[in-house]
Amino acid sequence: MGDELVVVGLSHHTAPLALREQLTVHPERLAEQLGQLVGNGLVADGVIVSTCNRVEIYGTASDTQEAAERVRVFLEKRVEGSEFAGTIGRAVYARRGEAAVRHTFRVAASLDSLVVGEPQILGQVKEAYDAATTAGTVGTLLGRAFTRAFAVAKRVRSETEIAAGTVSVSSVASSLARKIFGDLRGRRVILHGAGEMGEAAAKALAGDDAALTVINRSPEKAERVAAECGGRAASYVELLSELHRADVVITSTSAQSYVLTTELMRGVAKARRGRPLFLIDIAVPRDVDPRVGDLENVFLYDVDDLQQVAQENLAQRKRAAEAAERIVETEVAEFEAWRRSLELTPTIVAMRQRYQAIVKAEIERTLPRLGDLTPKQKKALDKMAGAMVNKLLHAPMTELKGANGTSEGPILVAAAQRLFGATGGGEDQSRPSLEPERFIAPEKTKA
Amino acid sequence: MLVLTHFATTALLYGVACGLFFYVLARGHEGVGKRAFPVLIAGVLSHGVYVTFDAIGDETPPMADIHQTLTVLSLGIVLAFLVATWRKPGMAILGAFVTPVVLVFFLASGLGRSVGHVPAGVRSALLPIHIVVNILGIAAFALAFAASIAYVVQERLLKQKRLGGIFQRLPPLHVLDTFGLRATSVGVPLLTFSIISGVLIAVRSQPGLARLGATQFFAIVAWLLFAGVLLLRVAAGWRGRRAAIGTILGFACAMAVLIGYVARAGGGA
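Here the protein sequences come in this chain order: A and B. Residue numbering for the first sequence follows our numbering, starting at 1 and increasing by one per position. Residue numbering for the second sequence follows our numbering, starting at 448 and increasing by one per position.
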C-alpha cells in the first residue's frame, strides 16, 4: 500500500476563535514547526495552513490513521497549560485518503470558508505551500495535491459564479458605489445621521480611499464618528452644499418624515448638471422620498434593497457552490486515479525486470553454444527476446491497468506480486528506464 | 472562389466571436471569454487576407467601391476595438456590442458586391483621404455606440435594482461614460473633416448641384448629433443616459448614411 494524504486540524466550523488563536502558527515559525512535524516522523512530508479561520496540517503517510493520531497529539501539546488543555479532541478533525484530497481542494476553492467564495484563502494556501516548499517538506504526492488544488480553485472561480456579488449590507453598498463610479479614490461620501449600519457602510467606502464627511445634528457625535471612520465632520447647515458636491450619500437619521424630499433633490440634481449621485437610505422610517429614485442620474437604494441584494448574492453563491462541488468531485476522482497508478507502477516495473532478467540469463547461457553469430543474427535474437517478454507480459499488464482504481485492483496487484515474484523494492522503481532492454551486449567497436 | 472562401471564413469567425461575447455577457464564463479574443483576432487575419485577395482580384485599390469600403470599415471597427480595449480586461465585454455591428457591416459588404463603383467624375486625390478619415471616424463612433448601449443597459439595471449576472459583468457607469466621451471626442473631428472633404469632392464633381441627397442629409444629421452630444457634454456638462442616447441616435444616423450609399450603389448597378 502506498502513501496517502492526511489532513488534521481545526477551523471555524469546529473551534472557537480563542482556540484557533492558541494554535495559530506565525509565518516566521512555519519552517521550525514543519521541521518538527517531518523531522520527528509525524508525517512523511507536510504543509501547515494557518489563517484566522483554520489551522490545518497536511501531510502524507503510509498509515494515515496513525499519522492523524500523532498530529493530534502534536496539536494537543501546543495547548498544554491553556484553558483548552485536554479538550482539543472535540475540535480537531482528521481527513484521510480521498477525503483529505477532497478537503484540500474544497479549502483552496473557498468552499470551506466562513464566507463561501472569499478570495483570500487561495493566496493563504499558496503562501503555506511556498513556505513548505522552501523548508523542503513537500514530496511528490503532497506537491501534486496542492498544485491540483490551485488548478481546481482557478477552475471553480472561472467556471462558476462563486465569487460574484457581496453578501453584507455595507459591502453591497460599497460594491454598488464601485459599479457606478469605478474607482472610489477621492470620491466624496456623506454620512448623514448615525447608526451602526451607516457607519459600517461609510467605513467600507472610506476604506476604498473615498473622502468621507460626517454630518449630524449633534456636532459632538459628528466629530466622534468622523474620527472613528477616518473622515471629517461638517455642520448640519452645510448639508445642501455638501449634497451638491457629493458622489455618495449614506443617510440614517431618526427623522420621522422624509428629510431628502423630491423637491429638494430635484434642485440638487439640477445643480449637479448630470453628475451621478448614489443615495443609500439606511434609515427606518426612510429619510429619502422613494420618488427621488426616478430622477435622472440619481440612484436610490434603501435598506431593504441592500438586504435583498445581499441575500440574492448569498443564494447565488450557494447555487454556484453546488456546481463547484461537482468540479471538485471530478478533480478528486482524477487525482485518485493518478495516485493509484503510482501504487501500480512498482509492481509493473518489478514484473518486467524479473522477466527480462530470466530471459537475459537464459540467452547468456545459450549464446556460447550457438557458435559465431553475425551482428545481424544477434540483433534478430535480441529483438525476439524483447518481443517475447512484451507478449508474455501483455495480458497480465492489461488486466492490472484495467483493474486500477476498482475494488479488484489491490487483489490483482497482490496476486501479480505473488505469482510473478514481483514484490518491488531493490532498484529505484519509481522511475522505470525508458531505454529498451538489451539482452545481448553490443560488440565493442575497434578503437 | 478563394475570395469567397475567405469571406465565408471571416464571417464565420466574426459570428463565432459575437456568439462567445454574448454567451459571456449572458451567462458569464471566463474560460469562454478568453476564447472570444483569439477567435476575433483570427477573424481579423482572415479579413486582412480577404481584403488583399479581393483587391488583387479586382485589380483595384481597396475601397474602390462600396462593398470594399464597407469591408474595410468593419475591419477598422474591429481593430479600433482591439486597440481601445488592449490591456483593459474589464472593457472586453464591449465585444458583445461591437461584434454585431462589425458582422452587419461585413455581411452588408457582401451584399453590395460588384455594385457601386465610384463614378469616374467623383474620383479625386482627396477621395481616399475622405474615405479613410470617414472610416476612422465611424470606427470611433462604433466604439462610442457600444459603450453607450452598455451604459443604457447598465443604468436601467441599476435603476430597476436587477443586479444579477449582466450587471456584474458590465463595466461601471463612469468607466462607460468616460469611454464614450473619449471615443466621441476622437470621432467628431474626424467626421467633421470627412463632411468637409465630402462636400468639396461633390462640388468639384458636380458643380452647380443645389440639392442635398438623402445620404448627404443623413451624414449631416449624424455629424450634427455627434457634434451636439460632444458640445453638450463639454459645455453643458451632459453625461450619463442623455449623452448615451444621443450617441446611439448619432450612430443610427451614420448607419443610415451607409445603408443609403449601398442602396444608391445597388440602384445604379
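Because the hints were derived from the structure by calculation, they are not lab data. Bear in mind the structure is a predicted one, so any value in this text is a computation, not a measurement. Any given hint might turn out to be false.
Claimed, not checked - Dumping the calculated EDC-like pairs for lysine to aspartate or glutamate here, alpha-carbon to alpha-carbon at most 20 Å:
| id | chain 1 | residue 1 | chain 2 | residue 2 |
| --- | --- | --- | --- | --- |
| 1 | A | 154 | A | 329 |
| 2 | A | 383 | A | 399 |
| 3 | B | 535 | A | 238 |
| 4 | B | 608 | A | 223 |
| 5 | A | 154 | A | 331 |
| 6 | A | 203 | A | 183 |
| 7 | B | 606 | A | 112 |
| 8 | A | 203 | A | 223 |
| 9 | B | 606 | A | 372 |
| 10 | B | 481 | A | 159 |
| 11 | A | 318 | A | 183 |
| 12 | A | 221 | A | 242 |
| 13 | A | 318 | A | 118 |
| 14 | A | 154 | A | 183 |
| 15 | B | 608 | A | 296 |
| 16 | B | 608 | A | 220 |
| 17 | B | 608 | A | 294 |
| 18 | B | 606 | A | 294 |
| 19 | A | 221 | A | 208 |
| 20 | A | 221 | A | 196 |
| 21 | B | 606 | A | 304 |
| 22 | B | 608 | A | 343 |
| 23 | A | 270 | A | 242 |
| 24 | B | 606 | A | 312 |
| 25 | B | 608 | A | 304 |
| 26 | A | 77 | A | 112 |
| 27 | A | 376 | A | 364 |
| 28 | A | 154 | A | 118 |
| 29 | B | 606 | A | 336 |
Against the structure, the hints come out as follows:
Proximity of residue 154 of chain A to residue 329 of chain A is assessed by CA-CA distance (about 15 Å); at most 20 Å being required, the pair is judged to hold. About 25 Å separates the Cα atoms of residue 383 of chain A and residue 399 of chain A, which puts this hinted pair outside 20 Å; it is violated. For the proposed pair residue 535 of chain B and residue 238 of chain A, the alpha carbon gap of about 40 Å is over 20 Å, so the pair is violated. Between the alpha carbons of residue 608 of chain B and residue 223 of chain A the distance comes to roughly 34 Å, so the proposed pair goes past 20 Å and is violated.
The straight-line distance between the Cα atoms of residue 154 of chain A and residue 331 of chain A is roughly 12 Å, inside the 20 Å bound, and the hint therefore holds. Taking the CA atoms of residue 203 of chain A and residue 183 of chain A, the gap is near 16 Å; set against the 20 Å cutoff, the hint holds. Between the alpha carbons of residue 606 of chain B and residue 112 of chain A the distance comes to roughly 35 Å, so the proposed pair goes past 20 Å and is violated. Taking the CA atoms of residue 203 of chain A and residue 223 of chain A, the gap is about 15 Å. The hint holds against a cut of 20 Å.
Taking the CA atoms of residue 606 of chain B and residue 372 of chain A, the gap is near 96 Å; set against the 20 Å cutoff, the hint is violated. Taking the CA atoms of residue 481 of chain B and residue 159 of chain A, the gap is near 12 Å; set against the 20 Å cutoff, the hint holds. This hinted pair does not check out: residue 318 of chain A and residue 183 of chain A have alpha carbons roughly 29 Å apart, beyond 20 Å. A C-alpha spacing of about 18 Å is found between residue 221 of chain A and residue 242 of chain A, which places the hinted pair at or below 20 Å, so the restraint holds.
Distance restraint check for residue 318 of chain A and residue 118 of chain A: the Cα-Cα separation of roughly 13 Å lies within the 20 Å cut-off, and the hinted pair is therefore satisfied. Of the pairs offered as hints, the one joining residue 154 of chain A and residue 183 of chain A is violated, with about 26 Å between alpha carbons and a cut-off of 20 Å exceeded. Proposed proximity of residue 608 of chain B and residue 296 of chain A is supported: the alpha carbons are some 15 Å apart, at most 20 Å. The hinted pair formed by residue 608 of chain B and residue 220 of chain A fails the criterion: a straight-line CA distance of about 36 Å is larger than 20 Å.
For the hint linking residue 608 of chain B to residue 294 of chain A, the alpha-carbon distance of about 12 Å falls within 20 Å, and the restraint holds. At most 20 Å may separate the alpha-carbon atoms for a hinted pair to count; residue 606 of chain B and residue 294 of chain A meet this at roughly 8 Å. For the given pair, residue 221 of chain A sits about 23 Å from residue 208 of chain A by alpha-carbon distance, which is inconsistent with the 20 Å threshold. Distance check on the hinted pair: residue 221 of chain A and residue 196 of chain A sit about 13 Å apart at the alpha-carbon level, within 20 Å; holds.
Only pairs whose Cα atoms come within 20 Å are accepted, and residue 606 of chain B paired with residue 304 of chain A is accepted, the gap being roughly 15 Å. Taking the CA atoms of residue 608 of chain B and residue 343 of chain A, the gap is near 56 Å; set against the 20 Å cutoff, the hint is violated. Distance check on the hinted pair: residue 270 of chain A and residue 242 of chain A sit about 14 Å apart at the alpha-carbon level, within 20 Å; holds. For a cut-off of 20 Å, the pair hint linking residue 606 of chain B to residue 312 of chain A stands: about 17 Å separates their Cα positions.
Between residue 608 of chain B and residue 304 of chain A the CA atoms are separated by roughly 11 Å; this keeps the pair inside 20 Å, and the hint holds. A distance of roughly 26 Å separates the Cα atoms of residue 77 of chain A and residue 112 of chain A; the hinted pair therefore is violated under the 20 Å criterion. In summary, the hint linking residue 376 of chain A to residue 364 of chain A is supported, as the alpha carbons are separated by about 17 Å, within the 20 Å threshold. Note on residue 154 of chain A and residue 118 of chain A: the hinted pairing holds, with a Cα-Cα distance of about 13 Å set against a maximum of 20 Å.
In summary, the hint linking residue 606 of chain B to residue 336 of chain A is not supported, as the alpha carbons are separated by about 50 Å, beyond the 20 Å threshold.
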